[in-house]
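Q: We have chain A; now place chain B onto it with these hints.
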Amino acid sequence: MASVCFYFQVHQPWRLRRYSVFDTGHNYFDDHKNGEICRKVANKCYLPANRLMLDLIRRHEGRFRISYSITGTALDQFEKYTPEVISSFQALASTGCVEFLDETYYHSLAFLYSREEFSAQVDLHRKKMQDLFGVTPTVFRNTELIYNDDLAYVINEKGYKGIVCEGADHIMGYRSPNYVYHPPMNPGIKLLTKNYRLSDDIAFRFSNQGWSEWPLTAEKFANWVHHVNGNGYTVNLFMDYETIGEHQWADTGIFDFLSHMPGKVMEHTDNNFKTPSEVIAAYPSVGDIHVPYMISWADMERDLSAWLGNAMQSNALHEIYKFESMVKKTEDPEIISDWRKLQTSDHFYYMCTKWFSDGDVHKYFNPYDSPYDSYINYMNVMDNLRTRCRAAIGQTVDKLEMV
Amino acid sequence: MKILMLGWEFPPFISGGLGTACYGLTRALSQENVEVVFVLPRPVPAHYSSHVRMANSIDNIEKWTAEQFFSEKELKDIKDFERVSFRTINSAIQPYQDPSTYKQAVAHNGQQESLRLLKETLVEHTKSFTIEENKSAGGHYEGDLYNEVQRYARLASLIAMREDFDVVHAHDWMTYPAGLAVAAISGKPLVVHIHSTEFDRSGENVNQVIYDIERQGLHCADAIMAVSQFTKNIVVNRYGIADEKVSVVYNAIEKSGKTAFTDVDAPIKSDEKVVLFLGRITMQKGPDYFIAAAKKVLEHVENVKFVMAGSGDMARRMIEMAAEYGIGHKVLFTGFLRGADVDRAFRLADLFVMPSVSEPFGLVPLEALRNDIPVIISKQSGVAEVLNHVLKVDFWDVDEMANKIIAVLRHPPLQATLREYGNYEVRKLSWQQAAQKCVEVYNKVLTAGVKV
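In order, the protein sequences belong to chains A and B. Take the first sequence: its position 291, counted from the start at 1, is 291 in our numbering, and no numbers get skipped. Here our numbering = 1-based position in the second sequence + 403.
Hints were generated in silico from the structure; no laboratory data involved. Mixed in with the good hints, there may be bad ones.
[As the list claims (entries may be wrong)] Keeping only pairs whose Cα atoms sit at most 30 Å apart, straight-line, the calculated DSS-like set for lysine-lysine is: (1) B/Lys-733 / B/Lys-698; (2) B/Lys-699 / B/Lys-658; (3) B/Lys-840 / A/Lys-354; (4) B/Lys-782 / A/Lys-33; (5) B/Lys-482 / B/Lys-405; (6) A/Lys-161 / A/Lys-128; (7) A/Lys-354 / B/Lys-782; (8) B/Lys-676 / B/Lys-648; (9) A/Lys-329 / A/Lys-80; (10) B/Lys-840 / B/Lys-658; (11) A/Lys-33 / B/Lys-831; (12) A/Lys-322 / B/Lys-847; (13) A/Lys-322 / A/Lys-354; (14) B/Lys-405 / B/Lys-847; (15) A/Lys-354 / B/Lys-658; (16) A/Lys-128 / A/Lys-322; (17) A/Lys-44 / A/Lys-33; (18) B/Lys-782 / B/Lys-699; (19) A/Lys-328 / A/Lys-127; (20) B/Lys-482 / B/Lys-840; (21) A/Lys-354 / B/Lys-831.
[Unchecked claim] So the derived label-pair ranges between C-beta atoms look like this: (22) A/Trp-355 / B/Glu-566: 56 to 62 Å; (23) B/Arg-830 / A/Lys-328: 28 to 34 Å; (24) A/Gly-210 / B/Glu-788: 24 to 30 Å; (25) B/Glu-702 / A/Arg-390: 39 to 45 Å.
Positions of the beta carbon are idealized from the N, C-alpha and C atoms, including for glycine.
So that you can see chain A by itself, here it is in the shape it has in the complex (with noise of 0.2 Å):
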């Protein structure tokens, strides 16, 4: 029996507009870009994506089943920019066929630095579900699918039955991401871990000529899906649902694709789609899975080098996070959600300079010319934050601050 595990992650940051020392408005972030972009992923994926979801749930009766953890960030992004592509996703969860996930609100690296404030944005997140889908979820999934023991332990503590992470070579070993682990000491948590090889074949690899494999079809996934029949119960497929439509163009075929594989995969009657809980309450843990250091599912490195590579992004990341009892202290709720936003991981992403030189894919997501243009921008709008968070709470400042 092998079960495909279907979970996207659905997100959009609030880019921050061009922001000089100079400037002194409360508005950070470009409503012009955020708005057109979301609008461009929407006519490009979500909508249409939602459509051959939908539709495939009604041709299969049910028996096609996925998961989606979306970020408050770009909810409330569709709710002023697109509103339907809230009611598309709506119209999925009242099938009962799809599972949507929890992480943070604001796709926020907090675990790393405030566990108070991930813990809000958790209940954030979970209470958001609750109002847009009527879902209460019970599978986790952090930040870029940022793991460690330690999450475990926080997540388990909350309530949670399970979590996604990444089955990295380096923690996985001789082990099949397959199967369904659990965390050592938490034996009450499961883990499923991603199987990037077919994961990535989907995501990545799916448009490229010079890949051995392509074209990818229905049947060869299909048969490569059924090889795991007797080596193990799952195959998560973990990706971006921007994949569909948006990295990988309608033009690839991507579309026909995904609308054909189902239906080839459940050809061989042992094999079947299911959501993360589902296979939770299928298959029993094989083993416990040790995770001392941090590990996420980005680039080849699998850590958190793209976030927290150099200087100025740990910079960045610590002032962020300084001033948490002053934005909090402020109780000020146009503050507070300003500062969270600032949280999304994405700004620190821009500032990566790993393959800057190289000039590579990360380009392609990044509103700025150079990783340094990026870090002057943010701390440019945290120094203004931080002006307005002093001046709520009543603490005077006058010339800009030389470290």
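A: Relative to chain A, chain B alone:
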């Protein structure tokens, strides 16, 4: 392969990037097994060089092996110049100075100083040429540079007749007439190398005589090398040259021999941050944008000083501008710096800014990066094409320049990241790559055959 290279300056007799570039390029070519005969004017007055044994002197032409040339110039890299030899043409032009100051200048490593003065006089002169050419009275130098260019062409042709070579390679407009003459006499292909155009130097007020010389050289050459895509675009758009005729050959920087500072040069400590401008204070280099940005910065931060190192026809105007803005006490002018003083300026600086209006390449940012100084450069520069780990601004965007200056001064992590990656990036640039690109171009013109 043997190249007859026509240059105008060579270290230590330099006033700008051209000499530095020729030095790096010929050295790398030598290592690529290319023989180079380098022809250049020798603007040292006769009485100073009288102790030099002339290896072979005919018609004011001297023949030097690299060893002789370098021992004279006290340079140490002889072995890297194995396949390079020099032919110098004694120049009639001498610095316009009175004997006593000249002696003083010589005593203090005066060669550069005298050449600099000479160059400045010449540049100054060529700029005012069209205006002054009808005034016969005060024209000590009237036409001298053009005469000199023509004389250089004649003598270079004489040299060429006695040499055996495959390609003529001419650097910048002063040597183009010589390049054309030599190519015509020898029937060898001509490659012209463009380090700067008249549009870079003079904006829209081009000197027509120089433009015509440049245009003729570019059109008659078999191939053109430009120091950047930026310069290539000017060559294509402003001189009407076919795109495929121009190859981009980026400049590089010598691997630094001097790393550790000596005791005498102990680090200069100060509570105040220092933002450095280093270069000729001329329209091309955008000094006025630097002052305007300084004013903006000083409205928001206090403990910072702006240092302008260099000289040029806009220096006085800049002093006045700083005074008008009420920031005279925060802007320091050092005058022209050389040698150890340049290093000292770099060590003093927390940030280097090159706000050039039009910079074909721009070697100084590379110097700054090699000295571990964070760098802001204008997007209107060739060097912006090869550097990622620097901050880039449009030269006219004074607000953004000030924004970035403040950011670097305020955020040590930004300085650290720029320094770390910038220094690494600059070490990846090599003259060897430039030389290999030259060899490609030589091979191309040699296989294409000579244009009749």
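Q: A separate judgement is required for each hint: does it hold in the structure or not?
A: Going through the hints against the structure:
no.: 1; hint: B/Lys-733 / B/Lys-698; verdict: holds (9 Å)
no.: 2; hint: B/Lys-699 / B/Lys-658; verdict: violated (37 Å)
no.: 3; hint: B/Lys-840 / A/Lys-354; verdict: holds (28 Å)
no.: 4; hint: B/Lys-782 / A/Lys-33; verdict: holds (24 Å)
no.: 5; hint: B/Lys-482 / B/Lys-405; verdict: holds (18 Å)
no.: 6; hint: A/Lys-161 / A/Lys-128; verdict: holds (19 Å)
no.: 7; hint: A/Lys-354 / B/Lys-782; verdict: holds (23 Å)
no.: 8; hint: B/Lys-676 / B/Lys-648; verdict: violated (46 Å)
no.: 9; hint: A/Lys-329 / A/Lys-80; verdict: holds (28 Å)
no.: 10; hint: B/Lys-840 / B/Lys-658; verdict: holds (19 Å)
no.: 11; hint: A/Lys-33 / B/Lys-831; verdict: violated (36 Å)
no.: 12; hint: A/Lys-322 / B/Lys-847; verdict: violated (61 Å)
no.: 13; hint: A/Lys-322 / A/Lys-354; verdict: holds (25 Å)
no.: 14; hint: B/Lys-405 / B/Lys-847; verdict: holds (15 Å)
no.: 15; hint: A/Lys-354 / B/Lys-658; verdict: holds (25 Å)
no.: 16; hint: A/Lys-128 / A/Lys-322; verdict: holds (27 Å)
no.: 17; hint: A/Lys-44 / A/Lys-33; verdict: holds (16 Å)
no.: 18; hint: B/Lys-782 / B/Lys-699; verdict: holds (20 Å)
no.: 19; hint: A/Lys-328 / A/Lys-127; verdict: holds (20 Å)
no.: 20; hint: B/Lys-482 / B/Lys-840; verdict: holds (22 Å)
no.: 21; hint: A/Lys-354 / B/Lys-831; verdict: holds (16 Å)
no.: 22; hint: A/Trp-355 / B/Glu-566: 56 to 62 Å; verdict: violated (49 Å)
no.: 23; hint: B/Arg-830 / A/Lys-328: 28 to 34 Å; verdict: violated (47 Å)
no.: 24; hint: A/Gly-210 / B/Glu-788: 24 to 30 Å; verdict: holds (28 Å)
no.: 25; hint: B/Glu-702 / A/Arg-390: 39 to 45 Å; verdict: violated (21 Å)
This entry does not satisfy hints 2, 8, 11, 12, 22, 23, 25, going by the numbered hints stated previously.
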